[in-house]
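Engineer: Here are the chains, one letter per residue:
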Amino acid sequence: MARRRPGTLFPLELDILDVGTVLQSADGSFYGFALAKQLAAGGDGGLTAHGTLYKALSRMTEAGLIEASWEDPAVAEGEGRPRRRLYRVTGEGATARDREHARLASEAAATARPAGAAWSQAPGAIA
Amino acid sequence: MNALRTPQYRSASRRVLGWCGWYTRDLVPEVAGERRDEIASDLHEHAVWADAEGIPPTRLRRDILLRAVRGIPHDLSWRSGQLRAGRGLDPMSLGTRRTGNVLTALVLSGGVMVAAAAVFLLVRVVRALWIGDVVEAPIGAVGVALAALLAVVGLLLALRQRSRWLGSAVLAPAAALVGLLAGDILYRVSATGVLLISRLSSHGGGLEPWWVLSLSIGVGAALGFIGAAVWWWPGARRVVGRDAGGPARMPGESA
Numbered sequence: 000m001a002r003r004r005p006g007t008l009f010p011l012e013l014d015i016l017d018v019g020t021v022l023q024s025a026d027g028s029f030y031g032f033a034l035a036k037q038l039a040a041g042g043d044g045g046l047t048a049h050g051t052l053y054k055a056l057s058r059m060t061e062a063g064l065i066e067a068s069w070e071d072p073a074v075a076e077g078e079g080r081p082r083r084r085l086y087r088v089t090g091e092g093a094t095a096r097d098r099e100h101a102r103l104a105s106e107a108a109a110t111a112r113p114a115g116a117a118w119s120q121a122p123g124a125i126a
Numbered sequence: 000m001n002a003l004r005t006p007q008y009r010s011a012s013r014r015v016l017g018w019c020g021w022y023t024r025d026l027v028p029e030v031a032g033e034r035r036d037e038i039a040s041d042l043h044e045h046a047v048w049a050d051a052e053g054i055p056p057t058r059l060r061r062d063i064l065l066r067a068v069r070g071i072p073h074d075l076s077w078r079s080g081q082l083r084a085g086r087g088l089d090p091m092s093l094g095t096r097r098t099g100n101v102l103t104a105l106v107l108s109g110g111v112m113v114a115a116a117a118v119f120l121l122v123r124v125v126r127a128l129w130i131g132d133v134v135e136a137p138i139g140a141v142g143v144a145l146a147a148l149l150a151v152v153g154l155l156l157a158l159r160q161r162s163r164w165l166g167s168a169v170l171a172p173a174a175a176l177v178g179l180l181a182g183d184i185l186y187r188v189s190a191t192g193v194l195l196i197s198r199l200s201s202h203g204g205g206l207e208p209w210w211v212l213s214l215s216i217g218v219g220a221a222l223g224f225i226g227a228a229v230w231w232w233p234g235a236r237r238v239v240g241r242d243a244g245g246p247a248r249m250p251g252e253s254a
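Each protein sequence line maps, in turn, to chains W and U.
All residue numbers for the first sequence refer to numbering that gives the first Met the number 0, where the first residue is 0 and numbers rise by one.
All residue numbers for the second sequence refer to numbering that gives the first Met the number 0, where the first residue is 0 and numbers rise by one.
Next comes chain W alone, as it looks inside the complex (with noise of 0.2 Å):
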């Protein structure tokens, strides 16, 4: 298993949080696979495996990042499926989602910026 560095995110979570987010402000909350469906969307398009999915969203309620609630028996029973169990990614999710998008940002211009500055520095190079 892959280890977390500190005040990160794991990929996966990130994704979570930003597909998440997406499909909460369409349907209020989302699920998970709608959200499996919308990550291999945007991803390699296989669905993300249920282990993978399921554990992290545990692990993402758990750390307060996500909230979960299971659906109202009686709406899935209208429906004629099983109860879903529904989630919204919460203010703490928003600002994590936030500053990870940051620090990845940051990172991308500091690996970025040395390059430049040795092409900039390049002998005969045009200022």
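Hints are computed from structural coordinates only; laboratory data are not their basis.
Among the hints, erroneous ones may be present.
Now the stretches of chain W that chain U is said to cover, found in silico as 3 or more residues with beta-carbon under 8 Å [as the list claims (entries may be wrong)]: (1) 18-32; (2) 44-52; (3) 78-90.
A few chain W positions that, by computed beta-carbon distances, are all more than 12 Å from chain U [what the hints assert, rightly or not]: (4) Glu61; (5) Ala75; (6) Ala93; (7) Thr94; (8) Ala104; (9) Ser105.
Glycine included, each C-beta is placed from N, C-alpha and C at the ideal position.
The hints should help you fit chain U onto chain W, whose structure is shown.
Structural biologist: Showing chain U alone in chain W's frame:
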């Protein structure tokens, strides 16, 4: 075509829920049940989506199983996390289940030994009659035949968890009968038995030691079987097991 009704989907979801039942065993019912319900919902949504996308049942089956297999390391890691967080069953229940497992092993092996001993005695009686060592079957042979029958029936009943208490109860008289009659039968039909019994008897006082020994073993085993039957008596004890989250429901069937 409704993917939820296809045998491919049903077999795949049964396997996934079976796996889920396995890795949520020993977890508190609430945690285990929530994981099971969430997976059941996912499987249902997956099938409905596959239907809408026109994905054939064979591919749906493969996709579901692949998702389950790829997630196995995370399932196991999640399980360890839950156990570390103290969301496993309480030690008393685990102890109860372990005792039940040990008892099952003892009863089944004891039952096999009783059946084997009874059959062995019967074979010796038949052989002695066949070669003319004895002119008529010892009177205890009927009891040994009955013990063999009881032992086989008891063993068969003990194989199923639901009827284990009854199997154990049936094995008790079989063990007592074998213990009661073994010495007498062997004394009459076996030369080795005669030697052994005579040697044991030569050290004894008023009681025949071989008979006491044989009867003690038989009665001891019978008491053990009775104790096991009481342990498994219907309604005496409920161990929360792998079905902690409730009965398995096919995700195709609405809640």
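Engineer: Against this structure, judge whether each hint is valid.
Structural biologist: The hints, checked one at a time:
1. 18-32: It holds, with 3 qualifying residues against the three required.
2. 44-52: holds (count 7)
3. 78-90: Coverage by chain U holds for the region 78-90 of chain W (6 residues, Cβ < 8 Å).
4. Glu61: 9 Å, violated
5. Ala75: 6 Å, violated
6. Ala93: Check passes; 23 Å lies beyond 12 Å.
7. Thr94: With a cut-off of 12 Å, W/Thr94 remains clear of chain U, as the shortest Cβ separation is near 24 Å.
8. Ala104: 29 Å, holds
9. Ser105: 30 Å, holds
In this structure, the hints that do not hold are numbers 4, 5, in rising order.
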